[in-house]
Amino acid sequence: MKLLAMFGLMLAVLAAVAYLDDPPTRAELVFVNRSEVFTLDPQRMSWLQDFRIAYALYEGLVRWDNKDFSIEPAAAEWTLSEDRLSYTFAIRPDARWSNGDPLTAHDFIYSWRRAILPDTAADYSNMFFVIRGAEEFFRWRADALDKFVAANAQLDPDTRAANALDLWEETIARFEETVALKALDDRTLRVTLVHPTTYFLDLVAFGVFHPVHRPTVEGWQVDEATAAKLRQFGWSHLSPPSFANRRFVKINSATGRLEQKHGWTKPKHLVCNGPYVLTQWRYKRGLRMERNASYHSSQRVHSASIECVSIEDTNTAILAFESGQIDWLSDVSAEYQADMLAQRQAYEQRYAHRIQAMLAEGRSLDDALAALPKPQAGERRNIHVFPTFGTDFYSFNCRPILAGGRVNPFADPAVRRAFVMSVDRDAIVQQVTRLNEPVATTLIPPGSIPGYQSPAGLKYAPSDARAELKAAGWEDRTGDGLVEDEQGRPFPVVDLLYSTNTPRYKNISIVLKDMWQRELGVRVELRGKESKFFKEDLITGNFMIGRGRWYGDYGDPTTFLDLFKTGDGNNDRGYSNAYVDELLQRAARETDPQRRMRILEECERFLFAEEVPMLVLCQLVQLYMYEPAKVTGLSRHPRLTQYLWQMKVRDP
Amino acid sequence: MTGLIVRRLLQMPIILFVIYTITFSLAWLIPGNPLENPEGRRPPQVIMQAMLEQYKLDNPWSFYWDYLGKATGVSWLLGQHDRPFDLGPSLTHQDWTVNEILAAGLPVSITLGLLAILLACAIGLTAGIIGGIRPGSVADLVTLLIALVGISLPSFVIGTLLLVIFGVWLKVFPIGGWGKLSYTFLPALTLALPFAAYIARLTRFGMIDELATDYIRTARAKGVPQMRVVLKHALKNAFLPVLSFLGPAAAMAMTGSFVVEKVFAVPGIGTHFVNAVLSKDLTLIMGVVLVYSTMLILFNLVVDVLYRWVDPRIELA
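Sequence order for the protein chains is A and B. The opening position of the first sequence corresponds to residue 7 in this note's numbering, with each subsequent residue numbered one higher. The opening position of the second sequence corresponds to residue 8 in this note's numbering, with each subsequent residue numbered one higher.
Think of the hints as simulated: they come from the structure by calculation, not from any bench. A couple of the hints might just be wrong.
[Claimed, not checked] Here are the simulated lysine to any residue pairs, SDA-like style, with alpha carbons at most 20 Å apart:
| id | chain 1 | residue 1 | chain 2 | residue 2 |
| --- | --- | --- | --- | --- |
| 1 | A | Lys-188 | A | Val-136 |
| 2 | A | Lys-535 | A | Asn-548 |
| 3 | A | Lys-256 | B | Lys-178 |
| 4 | A | Lys-256 | B | Lys-63 |
| 5 | B | Lys-187 | A | Gly-330 |
| 6 | B | Lys-178 | A | Glu-328 |
| 7 | B | Lys-63 | A | Asn-158 |
| 8 | A | Lys-538 | B | Leu-33 |
| 9 | B | Lys-187 | A | Ala-18 |
| 10 | A | Lys-465 | A | Arg-483 |
[To be verified] Per the computed footprint, the stretches of chain A lying under chain B, defined by three or more beta-carbons under 8 Å from a beta-carbon of chain B, are:
| id | region |
| --- | --- |
| 11 | 85 to 97 |
| 12 | 231 to 245 |
| 13 | 276 to 285 |
| 14 | 324 to 333 |
Backbone N, C-alpha and C fix where the C-beta goes; we use that ideal spot for every residue, glycine too.
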């Protein structure tokens, strides 16, 4: 009886606890993000799911609308100087922070300084190096910090702290002196670049260039009189309190570094300037945003509240979608995704004529689908394939010598061409991945960058492939079906490296092995590794052919082509070619945007018609789930930025 | 009794130190860099070096001692740190501290675990008693069969089945997430079923043994009603093996289940055990392990004390 009473009591308490934790009412738009949000600090972001939230909470000087920069952003207008080096941005007079403070040019200077400072350790800090003086400043500060540690190690703590503060003052002065960012007045910002950069506006539209609110980021305690002043003029009219009175930043006296804590990104602190404000963010549960009352163009914000739910498991997310709890599922990676797509195709085939007719009338595909009768059993219209700004490929190791000290056959472009031309990409997307991704022979997704014409790469041509291999000195001399060189040594066993985190790469690798063995007479060995070990091998060059993928960051070919620069940090292939380096440099110096594009086209042509440092398979696709009759405002542009404030859920 | 408690509490720091050292050594050996976006662009070398230094990841010794000092509160006592028991910022989810992550996840895992154990007791005891009263009857065979299924079916199958039936078809429970009681029922049930099955079997065998004893026959001869015989007299003794199973079972249920948390999108801390290791999130690994070891040590102590209270004949070292 005693025990029973105990159980009863515990049950009652638990029920009360569970009941009190009552979720708020359903938001107008509920979606599942690609993955857990890592940070809401725009300068430190590097994940797509983070940027998606950033574009709802923050607003940059310009905004990319998938065609142009015409969506009303924080800057009312911008002008470019004659020499194409100086941009002058006029900030809208009605642009305000969510707490009412005016948005000023100083906010941008502060935020960009944060991103450039090595102390912040922002993944994308080198994107700012197009600004004159930014790279020099970055190097100077990194160097000064190194010297500081060496010079101050023996000093007593007080002197060290004073020296660290001195170095910080010097850094600020140095920044103002060297980096070409000037506030002409409170609402006018002038940026001067190192050389004309046609895609500079695209960078400015990127999340890491979005402004943050200094008193929030640094955690100033503000009294009412100061707050009133802030609301009128912005923080640049105040001198910040001493570091002891700033909650989230301090100067580390041992390293001299500015240390920043990240507590300010929580709802009770966060002040932002975008269409939404953050009202709730709970770890692994989700994030909720409500319309920002201080936003200048609130009529363009379609949903009053947005909820981003955390559901890690893709099956559960699909079930939650099917039950109507979720309006938009932004990543469908279930193993049965291809079967779901087949159901969608069955639906489209049944109504092919009507869909064609409606498309001819100029209606969108989603509109057309919404107008059709409900799908029957075995059909569906709520799964959608969106092409992305990314490409799937296999890298060839282009270093002359392999990690083990052996000679690398793939250092020879002819061998690489042979391997590329013996791959039937259509068979892979139709029978292996079964997602029918658009096949590609070049790296930059065709049509994704305005003004850029993708060149043609190497197509599937098995007999040409064998001829190439023969020309490179590899031919079957003994009649055993395997190729040998002139001395009769067989082609080294090809070491094919892939990661085992998804079945996709295992399946593709098996088929590639088969194609190469059949078409070329080489032996291929598969080496699947867990992603951490895989990445280590990739970076150290311990592979002959390795799986890879790349997503572009900004709307310029260099976001892809920089991968082939000699010594680039992401050049896993160890590829180096003087002509490619020269073309990239010429493009960087070219002031005429059209001529520049022609240079980059030549660069990509040379890379994928002659050199092929990688075997490009296809453009990557993203699968979404949403009811076409309910959800509007999703963009089909490969960049897939998806501004949440443009989205709306209506009753079907 | 007091001696036992004091002794156990004195042992605790030593055990925790050993656990800390072993976990740290293993975690440090995981390849890779927690600060790197595994699929994305790599930041320049200088930046990566700065990040590693900032989180003391450039040197295992400095990390080991620094973290130990902050986590135990020694740094705070020495005035080198502004607060005690600071488990540091998560290395992969940098806007959150490990303290915040645990504070968000622990109550969820504990609530879910306790609910599951209560459900398991309710289901398991009922089934066990029904089976134990008439061994070999249809009711007994049915409960045994269900118990067998409960033990052998993996949670992700049961969980997904329950989601499809109650979430998608009947629409009586929401799918995924955490909040009102309605959110807790399906995951608690999934987590409870294997435990319930085991408890049912323990109770059934205990019941069969007890019902055959002399004192039960005496009670029956005296004319005590069947209900009273079973629930008051037989169950009391048949329950003892269940109680000894409940200790480790409760600990297991409250450590959070990776599978159940994943299938039902429950924001508990079970997933951290796996995900933190996969992403080499050192601070989170150490934080989760330290907090859980502390909890388990305390929990074992509570169970031991409870034992003594329920059955004073039991001697404990």
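Now the hints, each set against the structure:
At roughly 15 Å between alpha-carbon atoms, Lys-188(A) and Val-136(A) fall within 20 Å of each other, so this suggested pair holds. Between Lys-535(A) and Asn-548(A), the direct Cα distance comes to roughly 12 Å. Compliance with the 20 Å bound is thereby established for this hinted pair. Restraint check: the Cα-Cα separation between Lys-256(A) and Lys-178(B) comes to about 52 Å, which exceeds 20 Å; the hinted pair is violated. For the suggested pair Lys-256(A) and Lys-63(B), the alpha carbons sit about 17 Å apart, so the restraint of at most 20 Å is met.
Using a Cα cut-off of 20 Å, the hinted pair Lys-187(B) and Gly-330(A) holds, with the two alpha carbons roughly 18 Å apart. Distance restraint check for Lys-178(B) and Glu-328(A): the Cα-Cα separation of roughly 11 Å lies within the 20 Å cut-off, and the hinted pair is therefore satisfied. Proposed proximity of Lys-63(B) and Asn-158(A) is supported: the alpha carbons are some 19 Å apart, at most 20 Å. Taking the CA atoms of Lys-538(A) and Leu-33(B), the gap is about 15 Å. The hint holds against a cut of 20 Å.
For a cut-off of 20 Å, the pair hint linking Lys-187(B) to Ala-18(A) stands: about 14 Å separates their Cα positions. Between Lys-465(A) and Arg-483(A), the direct Cα distance comes to roughly 27 Å. Violation of the 20 Å bound is thereby established for this hinted pair. Under a criterion of three residues with beta carbons nearer than 8 Å to beta carbons of chain B, the stated coverage of the region 85 to 97 of chain A fails, only 0 such residues being counted. Counting residues of the region 231 to 245 of chain A whose beta carbon lies closer than 8 Å to any beta carbon of chain B gives 0, which falls short of the minimum of three for the stated coverage.
For the region 276 to 285 of chain A, the proposed coverage by chain B is not satisfied: 0 residues have a C-beta within less than 8 Å of a C-beta in that chain, short of the threshold of three. Here the region 324 to 333 of chain A counts 5 residues with a CB under 8 Å from a CB of chain B, which clears the bar of 3, and the coverage holds.
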